[in-house]
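**Q** Sequence:
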Amino acid sequence: MNISRRALCEVALLAAANPLGFPALATPTAPKVRVGVLKFGTVNWELDTIKHNKFDAANGIEVDVVYFAGEDATNVAMLAGDLDVIVSDWLWVSRQRSEGEDLTLAPYSTAVGAIMVKNEAPIREIPDLVGKKIGVAGGSLDKSWLLIQGLAERDHKIDLAKESDLVFGAPPLLSEKALSGELDAVLNFWHFCARLEANGFRRLIGADDAAKALGASGPVSALGYVFRDKWADENPDAAMGFVKASAEAKRLLARSDDEWRRLAPIMRAEGKELEVLRDRYREGIPNRPLAEEESDAAKLYEVLAQLGGEKLVGKARQMAPGTFWAALKT
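If you read the sequence shown in my numbering, its first letter stands for residue -12, the second for the next number, and so on.
Calculated from the structure, these hints are not laboratory results. There could be a bad hint or two in this list.
[As the list claims (entries may be wrong)] Straight-line distance between alpha carbons at most 20 Å, and here's what the computed EDC-like set of lysine to aspartate or glutamate pairs gives: (1) Lys298 to Glu112; (2) Lys199 to Glu112; (3) Lys149 to Glu112.
The task is simple: from the sequences and hints, build the whole structure.
**A** See below:
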């Protein structure tokens, strides 16, 4: 085989520029982990922290963020095999496993919604909600709403669904209605609650309070990073690398106010709103052994199965084994 003088010179120059010699010319690229998220969802804050600080590269992967307009679209893409990772809750994962899918999850956040009322409102406890106009985000089968209903029924013999005036709607719209005084109270997702808290609202009761009252021994991750067992088995370094990159991002966000100020434009928050969002995110960082979370989730699953029935959980009355990623127990 004849090699031109010019080609030899080019190779020599590359070798000279590379102190490790020729093998680096064939260095493989880091495996990509395709993560599907809502375009304006809170998960973007953590993923942006991973990318900006190169925590993915440090753990041998490249996080490739794919944006979607709605949660249903991310679920469909995951089930179709177009994504490696999405964010969803353990109820959905358990239902899919019970129906034959091999999805599993690694805890992402314990932050959950709460019923919020204005600071000056006379509403002080659950019985005060009777006859009031309550906005509920997430629909009638939202797990936070079901848990709070369950607690109201058990402790106060109140059927909130029948004894209050319910308004279901999109989270931003319900927050606006609460701010304008069109609602007496609103159950919203955690980050909308945080923004309300920064603007004259207080928590009446959180879904986490209801969960503990109904049997959980501590905070349970409402959401997790969801992926397939098969993908994790075939790509163990990539799967664990992603979990480690997430953990590094959480550690930085737990200690660095500067990182939150950098994220402010993405979050569309400043001042008091930024501070409350930061504090509530930090409170939601999972810090319990996986076995404890899994045990509590199983207890709550049975409560939710009773409250929401087959429409919520399908035919399975118990949480499917393997819903939480077993590799994190070791």
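**Q** Compare the structure with the hints numbered earlier in the document and write down the numbers of the violated ones, lowest to highest.
**A** When the structure is compared with the hints, only number 1 turns out to be violated.
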